[in-house]
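Enquirer: Can you build the whole structure from these sequences, using the hints too?
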Amino acid sequence: MVSVKDTNLYTEVIKEFNYTFGNIFVFQGYIISEINEGIVLNWEDHAKFFVKDVTDFLGTNGEDLILISNRINSYSIIASDWLKFFENNYDLKGYLIVLGQKTAKLGVMVENLFFNNKIKRFNSLYAAVNYVKNGLIEIT
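Using our numbering, the first residue of the sequence shown is number 1, and each one after it goes up by one.
These are calculated hints, taken from the structure and not from any lab test.
Just so you know, these numbers come straight off a predicted model, no measurement behind them.
Hints may be right or wrong, so weigh each one.
[Stated by the list, open to error] Pairwise CB distance ranges, derived in the manner of DEER restraints:
#1 Asn61 x Lys118: 15 to 25 Å
#2 Gly135 x Glu37: 25 to 35 Å
#3 Glu16 x Tyr126: 18 to 28 Å
#4 Phe86 x Thr11: 17 to 27 Å
#5 Gly135 x Thr11: 28 to 38 Å
#6 Lys5 x Gln28: 11 to 21 Å
#7 Ile14 x Asn61: 11 to 21 Å
#8 Glu44 x Gly135: 30 to 40 Å
#9 Leu83 x Val2: 30 to 40 Å
[Claimed, not checked] Taking lysine-lysine and the DSS-like style, the derived pairs with C-alpha atoms no more than 25 Å apart in a straight line are:
#10 Lys133 x Lys120
#11 Lys5 x Lys52
#12 Lys15 x Lys52
#13 Lys15 x Lys133
#14 Lys84 x Lys133
#15 Lys120 x Lys84
#16 Lys120 x Lys52
Virtual Cβ for every residue (Gly too), placed ideally from N, Cα, C.
Expert: Pasting the structure below:
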């Protein structure tokens, strides 16, 4: 698993948001998140800040964006907080997860229970980005 910063993708970043809990990289039409080791990601302490920053920067509610969660670190997500994301009138065109060896696949299954659409999993960041760039995301 590799960070966006350590790839040639980094030259395509149009905005980078750095937080104490992780980094968000904004690209044309998609974003990549990298959350720090040991974080328990939740809406109130983390997600609402980067969601607002990204949507304000791009002038969208996210319905035209694809989120790639690049899980290079081991962390937890409060899966039920996806409900707060949607209750605050945010949306996503697609949600892709790049799983590393440290990533618990059971957590992704639980997260899928609260996310409105299907979550697509990948083993590499490049595979996920190519999937997005080749237009293989269906508009729901």
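Enquirer: Now look at each hint and say whether the structure bears it out.
Expert: Here is how each hint holds up against the structure:
For asparagine 61 and lysine 118, the Cβ-Cβ distance of about 20 Å falls inside the hinted range of 15 to 25 Å, so the restraint holds. Roughly 33 Å separates the CB atoms of glycine 135 and glutamate 37, a value that falls within the hinted 25 to 35 Å. For glutamate 16 paired with tyrosine 126, a C-beta distance near 19 Å keeps the hint of 18 to 28 Å intact. Between phenylalanine 86 and threonine 11 the Cβ separation comes to about 33 Å, which falls outside the hinted range of 17 to 27 Å.
At roughly 21 Å, the beta-carbon separation of glycine 135 and threonine 11 lies outside the given 28 to 38 Å, and the hint is violated. Here the CB-CB span from lysine 5 to glutamine 28 is close to 18 Å, well matched to the stated 11 to 21 Å. For isoleucine 14 paired with asparagine 61, a C-beta distance near 18 Å keeps the hint of 11 to 21 Å intact. Checked against the hint of 30 to 40 Å, the pair glutamate 44 and glycine 135 passes, with Cβ atoms roughly 35 Å apart.
The supplied range of 30 to 40 Å is met by leucine 83 and valine 2, whose beta-carbon atoms lie about 32 Å from each other. Distance restraint check for lysine 133 and lysine 120: the Cα-Cα separation of roughly 15 Å lies within the 25 Å cut-off, and the hinted pair is therefore satisfied. Straight-line distance between C-alpha atoms of lysine 5 and lysine 52 comes to about 23 Å, which keeps the hinted pair within the 25 Å bound. For the suggested pair lysine 15 and lysine 52, the alpha carbons sit about 14 Å apart, so the restraint of at most 25 Å is met.
Taking the CA atoms of lysine 15 and lysine 133, the gap is about 18 Å. The hint holds against a cut of 25 Å. The hinted pair formed by lysine 84 and lysine 133 fails the criterion: a straight-line CA distance of about 29 Å is larger than 25 Å. The hinted pair formed by lysine 120 and lysine 84 meets the criterion: a straight-line CA distance of about 21 Å does not exceed 25 Å. The straight-line distance between the Cα atoms of lysine 120 and lysine 52 is roughly 24 Å, inside the 25 Å bound, and the hint therefore holds.
Violated hints, in rising order: 4, 5, 14; the structure is consistent with all others.
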